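Spelled out from the first residue to the last, the chains are:
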Amino acid sequence: MAVATKKKTTTKRVTKKKGFTKETYLQWYEIMLRVRRFEERALMAYSQQKIRGFCHVYIGQEAITAGMVSALTPEDKVVTAYRQHGIALSRGLTSRACMAELYGKATGCVEGKGGSMHFFSKELNYFGGNGIVGAQIPIGTGIGFAEKYRGTKNIAVTMFGDGAARQGALYESFNMAMAWNLPVLYICENNGYAMGTSVQRTSNVTEIHQVGDAFNMPNEAVDGMSPESVHEALQRAADHIRAGKGPYFLEIKTYRYRGHSVSDPAKYRTKEELESYKQLDPLVVTEEKIINDKIATQDEIDAIKAKIKEEIEDAAEFAENSPLPDPSELYTHNYVQEDYPFIRD
Amino acid sequence: MGRVITLRQALGEAMSEEMRRDPDVFLMGEEVAQYNGAYKVSKGMLDEFGPERVIDTPIAELGFAGIGVGAAMNGLRPIVEFMTWNFAILAFDQIVNNAAKTLSQSAGQFNCPIVFRGPSGSAGQLAQQHSQTFESWMANTPGLKVISITDPKDAKGLLKSAIRDDDPICFMESEQLYGLKGEVPEEEYLTPIGKAAIRREGTDVTLVSFNKMMEVTKAAAEELAKDGISAEVIDLRTIRPLDHETIVNSVKKTNRLVVIDECWPFAGVSAEIAYEIQKYAFDYLDAPVTRVNSADTSLPYAAPFVDEYLPTPTKVIQAVKAVMYR
Ligand SMILES: Cc1ncc(C[n+]2csc(CCOP(=O)(O)OP(=O)(O)O)c2C)c(N)n1
Ligand SMILES: [Mg+2]
Numbered sequence: 001m002a003v004a005t006k007k008k009t010t011t012k013r014v015t016k017k018k019g020f021t022k023e024t025y026l027q028w029y030e031i032m033l034r035v036r037r038f039e040e041r042a043l044m045a046y047s048q049q050k051i052r053g054f055c056h057v058y059i060g061q062e063a064i065t066a067g068m069v070s071a072l073t074p075e076d077k078v079v080t081a082y083r084q085h086g087i088a089l090s091r092g093l094t095s096r097a098c099m100a101e102l103y104g105k106a107t108g109c110v111e112g113k114g115g116s117m118h119f120f121s122k123e124l125n126y127f128g129g130n131g132i133v134g135a136q137i138p139i140g141t142g143i144g145f146a147e148k149y150r151g152t153k154n155i156a157v158t159m160f161g162d163g164a165a166r167q168g169a170l171y172e173s174f175n176m177a178m179a180w181n182l183p184v185l186y187i188c189e190n191n192g193y194a195m196g197t198s199v200q201r202t203s204n205v206t207e208i209h210q211v212g213d214a215f216n217m218p219n220e221a222v223d224g225m226s227p228e229s230v231h232e233a234l235q236r237a238a239d240h241i242r243a244g245k246g247p248y249f250l251e252i253k254t255y256r257y258r259g260h261s262v263s264d265p266a267k268y269r270t271k272e273e274l275e276s277y278k279q280l281d282p283l284v285v286t287e288e289k290i291i292n293d294k295i296a297t298q299d300e301i302d303a304i305k306a307k308i309k310e311e312i313e314d315a316a317e318f319a320e321n322s323p324l325p326d327p328s329e330l331y332t333h334n335y336v337q338e339d340y341p342f343i344r345d
Numbered sequence: 346m347g348r349v350i351t352l353r354q355a356l357g358e359a360m361s362e363e364m365r366r367d368p369d370v371f372l373m374g375e376e377v378a379q380y381n382g383a384y385k386v387s388k389g390m391l392d393e394f395g396p397e398r399v400i401d402t403p404i405a406e407l408g409f410a411g412i413g414v415g416a417a418m419n420g421l422r423p424i425v426e427f428m429t430w431n432f433a434i435l436a437f438d439q440i441v442n443n444a445a446k447t448l449s450q451s452a453g454q455f456n457c458p459i460v461f462r463g464p465s466g467s468a469g470q471l472a473q474q475h476s477q478t479f480e481s482w483m484a485n486t487p488g489l490k491v492i493s494i495t496d497p498k499d500a501k502g503l504l505k506s507a508i509r510d511d512d513p514i515c516f517m518e519s520e521q522l523y524g525l526k527g528e529v530p531e532e533e534y535l536t537p538i539g540k541a542a543i544r545r546e547g548t549d550v551t552l553v554s555f556n557k558m559m560e561v562t563k564a565a566a567e568e569l570a571k572d573g574i575s576a577e578v579i580d581l582r583t584i585r586p587l588d589h590e591t592i593v594n595s596v597k598k599t600n601r602l603v604v605i606d607e608c609w610p611f612a613g614v615s616a617e618i619a620y621e622i623q624k625y626a627f628d629y630l631d632a633p634v635t636r637v638n639s640a641d642t643s644l645p646y647a648a649p650f651v652d653e654y655l656p657t658p659t660k661v662i663q664a665v666k667a668v669m670y671r
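Chains as they are written, first to last, in the working numbering: chain A, 1 to 345; chain B, 346 to 671.
If you are wondering where the hints come from, they were derived from the structure by calculation, not from laboratory data.
Treat the hints with caution; some may be incorrect.
Unchecked claim - One-sided excerpt, in silico: chain A residues whose CB lies under 8 Å from chain B: (1) Gly114; (2) Pro138; (3) Gly142; (4) Arg166; (5) Ser322; (6) Pro323; (7) Leu324.
Claimed, not checked - Pairs of lysine-lysine, DSS-like flavour, derived with a Cα cap of 30 Å: (8) B:Lys446 - B:Lys526; (9) B:Lys598 - A:Lys50; (10) B:Lys388 - A:Lys271; (11) A:Lys271 - B:Lys385; (12) B:Lys385 - A:Lys50; (13) A:Lys267 - B:Lys385.
Note that the structure is predicted; figures quoted are calculated from it, not measured.
Where a beta carbon is used, it is the ideal one built from N, C-alpha and C, also for glycine.
This is chain B alone, in the form it adopts within the complex (with noise of 0.2 Å):
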């Protein structure tokens, strides 16, 4: 039997239970200590592991990544917490041009074992510098794993991996969703880094989703439903490396795929995925691949323009019907 428990709190008890494992693991970030964090992901960590493990920072991006590049590399294994990834761009040097490439550098002498996590993506009314989406920068960098999930249960599962393993990782979770309840299991787990999890099954159309587009996803999936067309959803949970075989293999039964991303169009994790199924599935083909991104612009605030930016149920099911030809 399981616990029902919230992604924050399914979050703050894997950072919790790995710095109880190793004392090497420790946070820092901005408001992460006395205030409980931004989003209270890290409550009651300061009380636990005192404030030489529970840091709060200055409001210096750049420099704190620095600072946990530098520990990582020198044998420690920092969890660093960005408010949003929006103001992570401060420390994109760190990440891409330190955190990923020290073990190419230093030819495999010094490694970079550090996660980068914080809320990706859009979150209401919040106008363009506030409501951007990051896996497909991220994942461009060779060096780096990106994760990227809101279920409760994996994204206990995979930060506890992530924080185990040896690379640098960019984990990234949903701030409108901090509040997602889901089952975790009481005893100690880990979720494999680069596997993807199907969701739900079926035979006519594969969806592929991650972070909050899932929940877009599953209400497209269940409307579809109801109008006889059955829907296989996969959520990556993993963006680089991408689990390219589960995709493959679905479209090989569905042969017919649309990817739901809420990163823009140009060069995203759709525009790879597209890519993936054109070489390894042409042939299973059926429809070509279609997928439903934010608008190829910025989000302004006013609300019309959320709706008409952000992917939505009926945008999706617009396009399975589109590849389904019906």
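Chain A on its own, in the form it takes in the complex (with noise of 0.2 Å):
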């Protein structure tokens, strides 16, 4: 509570240069570079019509993702909405598996079976992008319950969209959560809309962390164009969490510079405004920042950027050439149960 409005605006860059070394700065670079590259790339796919469905880019929102490489350990559980491809591959999913996934291809994270919205992986403790919006709140809070059932230190990481704040199921998820001290991390990734829904026509609440007051849940609002803030918030959060205190609510404002999917001409906003965020730019940011503060070399960055585009192309490549599911695999994974009788007349 006594955080509850520290940060109030999105506007205030952190300028300290106290702390991150050279490997962190590199690691956001790389992750943020990753995310972006692997949009660009299933965008072009999708308009070749290599992807279908729904396809929501997490283009703007990058620096999220930087901050959850470096502050979170691979031991920590997360899950999430949709908009979801850049969180996955922090969490270590591969360029191709993502990409396959996309594709509808057996190669893909989830064999094909869950397209744009739902990768997973087990191993690497990615509980999923879920498509109902906001039912993963509940999920999340469930998953850190057992986490502290068999007392691990772990975090369940639960994310949503500023749209999915309104869903009761926060609510109920937030409360239960705090009667039992349950280890979850909660992050609003305000992104200024749903759909074509500004934050401010869906509530009186406009600062949406603010809801965790009415639980006295510790919550704060992050710059979420900024991997430093996102990290530090992100470290306060996990400490007190691992401390045994109980959830944190942070609300990281950030941006999508896309549509709300690749069908959404985004006419509900203005040039200008997308134009304010793009100044913000986190990785032409960051990447300013690492040459003109001399925290690493050009000769550096070039040699990430060649890496990372070798692993798109790669992973297209790889998605491209990848066999299709066979079609009887729709009978597959409905049950454990391997012999299930289903209804076939």
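Assemble the dimeric complex from its two separately framed chains, guided by the hints.
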């Protein structure tokens, strides 16, 4: 509660130089670039009709993935919504496995069964992308319940959009998580819009993190265009939760540069607004900072660029050349029971 | 002379005409106002009726469906749009426990004149959570009426009837067929709830379907005709109450029935029809009633699964040949 209104605006830039190593900066730069290039390649494949269905890209929100790779442990559990390619990559799912999934290929991270909205990796503690707005909020809470039940130090990171923050499931979850002192880090990725609806049009409470106040849940607003701010906030929250003090709520203020999904022309916002956020582009700003502050050399940056370029091209080629799943796989993974008697008339 | 319009326009006209006629009718749902509807069904309605009557909601299906129920109990006539019926699952408590039961619980004092509407059924490669078909789910509940229609003329007439009806109605459309064109009369008309339509007369076999599976069924009937098989095609239009008479009369003529139903097979609409026919036309049947449903599975994302899962003209033709013993 004390930290509830510590940071209120998205415009406040973190300039302090303290604490982050060269490795951290390069790690951030690499994951953000991987996500950006992955999404751009996915959009291209979508326009060629190699990817079908819904496709919600993460472009603009990459600074969040930076904080995720540096502030969490591989044992922490993560669950999110359908805008999930970046989050999955930040958990260590490979570009190949993710791209092949978008192409609906048998080599995808869920064998072509989930597509853009539903990547999973049990091995990497990634509990998936969920297509039902808000559904993952109680699920993340339950993941946290299981961690506490087993007495681990792991955190259940439960991510959702600003639109999802208006679902009743959030309020029920917050209440139980606090009442039961669960190790859950709630992250609202506030990108300003739920489809065509701005945050201001959905509630009188437009500082979404303040919802935590009703439950005495510690909460803060975070500059989501800055990897430094995201990392620091995640670290504070994680320390709090690992100390056994219960849930924490971060509202990370970010922006999506593209429409809601590939089919959305995004006429509900102004060019000026979009441009103002492009000025804050975490990828550009981080690259400039690395060079200007002599954190690393241009050669080192170029090497990362070359590596990611090759990785994404390889992923697309891999996806392209992979086989489609066999239609008979329709009948697998509906039940664990192997000889389940389906109705087939 | 009529006009040729799309399904989305037909639905929009129905809502607008009823809102002009009755000030108690209003529309609410996600993106219905400023965005003109996720599928543009409510295009222009905010401009005409203003934000008091065309209301954008937050993403809160259980809440706004319940607000609709309360408003209906208190004298208004809400139209609640779900972006798709998949998301209405969050609101089933209010639809099933309240809208459907208020009249019974209050011994007739409170009715609930509300229309819950949106697209039902799969729509391409949208994967498990976004591909479900809800006619059988909702039709299972006494107290609700269920309409499922894609023909533009009938969609307009039925939606107008639904808005005027004093009972709660689940109205199901199709994401993939909002652009389907059809001729609609110039003058005002209503289409009665609870009456099926015979879309094609035939003598050898009866094909019963509804919603976008009508397109599959009509395509199969065309093919069958080339093969010398005359199929009678019935569009249910209303699922509950089921127009049992039209189906029974047709089967008495053709002696064979195939139901094409996108719902899952277990306790689906097809299962109910098969029961009715064995009960009321048993002596007229020359073959067992057969059905073509979606597969008894969830629908995954990749392209090969979609064809394997859904009814197709080929599967319908196979089923017809089986009941014709050909
Ligand atoms: C329960 C439910 N209602 C509606 C939808 C349709 N829908 C998909 S995404 C979305 C907007 C969600 O916005 P937000 O939570 O802010 O996430 P963002 O897309 O901005 O990442 C809506 C309404 C859905 N998938 N599930
Ligand atoms: Mg959003």
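Status of each hint after checking the structure:
| no. | hint | verdict |
| --- | --- | --- |
| 1 | Gly114 | holds (6 Å) |
| 2 | Pro138 | violated (12 Å) |
| 3 | Gly142 | violated (17 Å) |
| 4 | Arg166 | holds (4 Å) |
| 5 | Ser322 | violated (11 Å) |
| 6 | Pro323 | violated (10 Å) |
| 7 | Leu324 | holds (5 Å) |
| 8 | B:Lys446 - B:Lys526 | violated (37 Å) |
| 9 | B:Lys598 - A:Lys50 | violated (48 Å) |
| 10 | B:Lys388 - A:Lys271 | holds (24 Å) |
| 11 | A:Lys271 - B:Lys385 | holds (23 Å) |
| 12 | B:Lys385 - A:Lys50 | holds (26 Å) |
| 13 | A:Lys267 - B:Lys385 | holds (14 Å) |
Hints 2, 3, 5, 6, 8 and 9, counting from the list given before, are not met by this structure.
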